[in-house]
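Using the hints, put the two standalone chains together into the complex.
For the record, the sequence lines run as chains A and B.
Letter 240 of the first sequence, counting from 1, is numbered 240 in the numbering used here, and no numbers are missing.
Letter 88 of the second sequence, counting from 1, is numbered 88 in the numbering used here, and no numbers are missing.
Incorrect hints may appear among the rest.
[Said to hold, decoys possible] Going by beta-carbon spacing under 10 Å, a handful of chain A positions derived as facing chain B:
1. 29
2. 123
3. 438
[As the list claims (entries may be wrong)] Restraint-style ranges between C-beta atoms, simulated for each label pair:
4. B:124 x A:268: 39 to 47 Å
5. A:70 x B:203: 52 to 60 Å
6. A:244 x B:203: 38 to 46 Å
7. B:63 x A:333: 24 to 32 Å
8. B:136 x A:335: 40 to 48 Å
9. A:77 x B:2: 37 to 45 Å
10. B:176 x A:103: 41 to 49 Å
[Unchecked claim] Just so you have them, the derived chain A footprint on chain B, three or more residues with Cβ under 8 Å:
11. 113 to 124
12. 167 to 180
Rather than coming from a laboratory, the hints here were simulated on the basis of the structure.
If you're wondering where the values come from, they're calculated on a predicted model, not measured in any experiment.
Glycine included, each C-beta is placed from N, C-alpha and C at the ideal position.
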Amino acid sequence: MTGSTLYDKIWRDHAVAEREDGSTILYVDRHLLHEVTSAQAFEGLALAGREPWRPGANLATPDHNVPTTNRAAGIGGIADPIAKAQVLALDENCKRFGIRQFEMTDIRQGIVHVIGPEQGATLPGMTIVCGDSHTSTHGAFAALAHGIGTSEVEHVLATQCLAQRKSRNMRIVAEGALGRGVTAKDLILAIVRAIGTAGATGHAIEYAGSAVRALSMEGRMTLCNMSIEAGGRAGMVAVDDTTIDYLRGRPFAPSGAMWNAAEAHWRGLVSDADAVFDREVALDAGAVVPQVTWGTSPELVLGVDEAVPQPEQFEDPAKRELCERALAYMELTPGVPIASVPVDRVFIGSCTNGRIEDFRAAALVLQGRQVASSVTQAMAVPGSGLVKKQAEDEGLDEVFLAAGFEWRDPGCSMCLAMNEDRLYPGERSAATSNRNFEGRQGYRGRTHLVSPAMAAAAAVAGRFTDVREML
Amino acid sequence: MRSFSRHTGLVVPLDGANVDTDQIIPKQFLKSIRRTGFGDNLFDAWRYLDEGEMGMNPNERRIDHDFVLNLPRYAGGSVLLARRNFGCGSSREHAVWALLEYGFRCVVAPSFADIFATNALKNGLLLVALAEEVVSALFAHTHANEGFSLTVDLPAQQIAGGGFSTRFDIEPERKRLLVNGLDDIALTLRHVDAIRAFEQDRRRRAPWVFEDAPV
Ligand code: SF4
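Only chain B is shown next, with the shape it has when bound in the complex (with noise of 0.2 Å):
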């Protein structure tokens, strides 16, 4: 996994919440058995005015030049600044991939869905939920002043930036995942005996769990 300590980059504000991970990444991207290739298309039907497939050049797509990440200002963003909710939908990891690979590092919002935070965490994207009165003063900050930057200090547990600057919370122990860039299965398989021993016991106590059908 990615580790994350800090970071410091431009501000990409997308107004809105709920925003769901069929707008992070629309449904037709997800026909690839690989990890990468996704960043492209990242909020594609927001970002271009015509329909998205997959293997397109996105050089030769038309671009909404309106929608926030296709301004100027906003050009190498790796913070994004979201409303409530962000990530809600479906489970597909892809949607962190793309947020990855297309620049960003951390994203900021009010609260994140369960599914997509898990998703994050497992990828090294960092996740940082403020108060909902402190996002909106960021977004007006960000509004007011091209170039706003963040820094985010994962261990330190603190963002700041342009006169502004919080504690953010975190679970020491996603923060301690995250910091080190531990891999998560070689975490879990240190306890190998015991998921072992477990086992043998939950096949004593519920047999027909272990029970195949007949082909």
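Extracted from the complex, chain A is given alone in its bound form (with noise of 0.2 Å):
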């Protein structure tokens, strides 16, 4: 017999029971809300007289909607009086539902998936799940982490499972060593480049190899964070020394002897050494440099070293297709150097790249140098309240603001631009977020994705660099 592999062994562990319709109930450990996919679950619960299954299990926080300025006015503080709306029905439904929420003015509160992992809400070996499909990030903690729709919300609400068919099995393995200067996002866009946006459709990823054991819990959250534009549901990374030193006193996190029991339990989230994967895919991680997006696809990547494609480069007719509505989106010319071209905003945050260790790349390279005054606006967004005091404490806020970044209060922000951070016709971002797509950070705007020191880098220089230069 052969041996499991780390999502066949937490698949095990969380099957319930077949349903007549062939799915498996899975078991539900954990799960997260936030305002912009809960309001419709909350209300189909109410509507059919169900109450929340297990609320402990529950933990909300608005992020998408909320405004990165004037936090100390809480919800009264939101301009807009439909995201304030949406905000409000979480604190209520919360509140009705009995469900623990870090509210707006609690310094906890931040992005979900900024959030889960600083408060040790998200543990080795759970099944986590949320309205949102970045939810994949929590597997770099070897959880079983996916996105779900607002159907599945409620499902999740009135019986702690979900119904799901098993995915296949991916493993990527990348081994090696990153060069100075290129970061996790690197690693990432140059697998989504490698295998598409749907190249892990219908799989669970495994992150493996040498560079990948090599990063911090935040480089492996990046890491995972990005399965989804991969086209994975989830991805993961086995549990080693550099998780458990992680959750070690967190707040959700275990303590005392109950510590001890858990951490046996959690060694053994590994992929056995005889384990199959359906696929594998492997990547030289030394030979990765620094990226950059080009197109309106997050598999549209460069290295910063290369030029804007011709779209004859591409022998697929619908890759062919999709480069040629991409340049005249982007407005890019054919065979210019990615590195020529110029940005107007600059955003570092997010659920991808918006962590303590993002803020200190970025700050690295703004120590003593300023945005260029051709950049209309440079803002840093930390993922949560805590991330934002950490960076204070060490003081990067006044690297930030003395370079001429402005320093914001914690939410999504610039990366989905439901709140009032946004790029207007026409502008072009040098972002640390995961989505490219027309029109997302704003009507009309255009979205180049970098690691947070190649996006201090394109606010210093004015146009995208190699952050490896000012290193």
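So this is what it looks like as structure tokens:
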């Protein structure tokens, strides 16, 4: 008999029963909620006269819609009445159904995928779901974590379970060492480029190899975060010392004797040596350079030393068409080096790159330097109130402010521009978020995805540039 | 859940791979706390020449007359023909609600993104995956024949129209769910005893999962 993958093990550990429709009822350990995808689910629950199955399994926070200035004003500080109604609805629903919420003015408030790990609410071996596709982030802790739709949010509230079909196993192995100035963000962008935005559809990804082992937990979260950009619902990394060390002492993590029992269990959350994966992809981490996306799909990626492609470079007619459309939308000319393209706004934040190490990396570049005068706005938006505080304790806010960055309050902000933080028509951003779709950061705005260090470098240069020359 | 059995409708060809949910329903419309009111904003940035905000009257907006949904010959269409990886991106179920509210009952494409496919199933929007060449042939046929309609017969797993006919695959369980329009939550709650027993056992095996942090 062959061994089990990490995914197989967690799946087996949570399979409750088979439903008549052939799907497996999978028990959900942790459910994270935010304001945008929950209101309709709570409404459905109430209409059916149901109650949350296990209120303690849930943790909520507003993040997508909250302003990133004037936080002390709380919900009253939300200018847009429709956005305000949505945040209020979350508030009311949490109170009504007895769900723990980190409210807008709570220092623990932040982007759901930042606060789960930060609080230790994300633990190895858990099944974790949230009405948000980037729930894959939590897989960095060897948890089975994925995004769900609103109907499923209601389903989880009502039953503490999800009706699921098992995915196939895929392993992405990155061997070698990432070069200086090359980060987890560059690694995942290179992976998405290699396998495409549908490359992992129907698969649960496990990231492995020496380059992955060498990453910090924050780097692993960046990696797993963008699994969805490769089409995978879940991405995970096996437990090791890095995982255990990160979790010790977190508020929701166990302590004392229970910690010891938990740790013993967690240590087994690795794929067996003889486990078989349905698909394997290998990547040479040493060859990855800083990456910049150039198009309107996360798979349209370039190394910082490359030029905008010609449509003819793509053999596949569908890809060629995608390229033509992207060139037109992004207003880019084939053959132009990506490192010569100017940027209007710079955004450092999001669930991909809104953690303390991201701000440290950017501050290292900004230290003693200035944002170029041609840049309209440069924004640093911490992923949570605690990330913000930690950065301030380290004096990073002063580095950002001295360089000409704005230092904001936590939230999703310009990652999806549901609040006031956005691109205006025709503007171009260097952004540390995860999606460069048409209009993602603002109507007719143009997004280029990069690492925090690369975003800082672009802010200083006023155009994309190789951050390695500034380190 | 809305059931799906047989449907005949005009085909609307939306050419282009990787149509993401940000295009299907842009983020500014996600501020709603209701399940309805999204149909006028389906593909908003493509359908209109001005920037859409919630609550705008569609009759007062500038229409992009070149966009396929706005061509008179496709008015009233209810079968959307699309390219590979349709529905990629965010988990927003609003994308499915918007498609249904506009009038689409079925989407035909070579492949669909995972979360979108689940959301479609939960709302009775039928997704038909056909081989890339077949979809290409359907695009050509739709362009060449005004008024081209397809009949989708889910019980028979058959899609046909204008001399074209093929079988499509769908997992039998998904089919049963759709044809009967079963309540998904009720289906799981039939196993309520098993869930309770499992939960008890999990509490014993992994008690730390059930520990709440101090407030
Ligand atoms: S930061 Fe962006 S990707 Fe992450 S949860 Fe918020 S909107 Fe979604």
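Results for each hint:
The beta carbon of residue 29 (chain A) comes within 5 Å of a beta carbon in chain B, closer than 10 Å, and the hint placing it at the interface holds. Hint on residue 123 (chain A) holds. Least Cβ distance to chain B is approximately 7 Å, under the 10 Å limit. Taken as an interface hint, residue 438 (chain A) checks out: its beta carbon lies about 6 Å from the nearest beta carbon of chain B, inside 10 Å. In this structure the supplied range 39 to 47 Å holds for residue 124 (chain B) paired with residue 268 (chain A), their Cβ-Cβ distance being about 42 Å.
Range check, residue 70 (chain A) to residue 203 (chain B): Cβ separation about 43 Å, and the 52 to 60 Å hint is violated. Against the hinted window of 38 to 46 Å, the Cβ-Cβ separation of residue 244 (chain A) and residue 203 (chain B) comes to about 23 Å, which falls outside the hint. Remark: the range hint 24 to 32 Å for residue 63 (chain B) to residue 333 (chain A) is upheld by a beta-carbon distance near 30 Å. The supplied range of 40 to 48 Å is broken by residue 136 (chain B) and residue 335 (chain A), whose beta-carbon atoms lie about 30 Å from each other.
Separated by about 40 Å at the C-beta atoms, residue 77 (chain A) and residue 2 (chain B) satisfy the suggested range of 37 to 45 Å. Judged by the Cβ atoms, the range 41 to 49 Å given for residue 176 (chain B) and residue 103 (chain A) holds: they are separated by roughly 43 Å. With 7 residues having a beta carbon nearer than 8 Å to a beta carbon of chain A, the region 113 to 124 of chain B meets the requirement of three or more and the stated coverage holds. With 6 residues carrying a beta carbon less than 8 Å from a beta carbon of chain A, the region 167 to 180 of chain B meets the three-residue requirement, and the given coverage holds.
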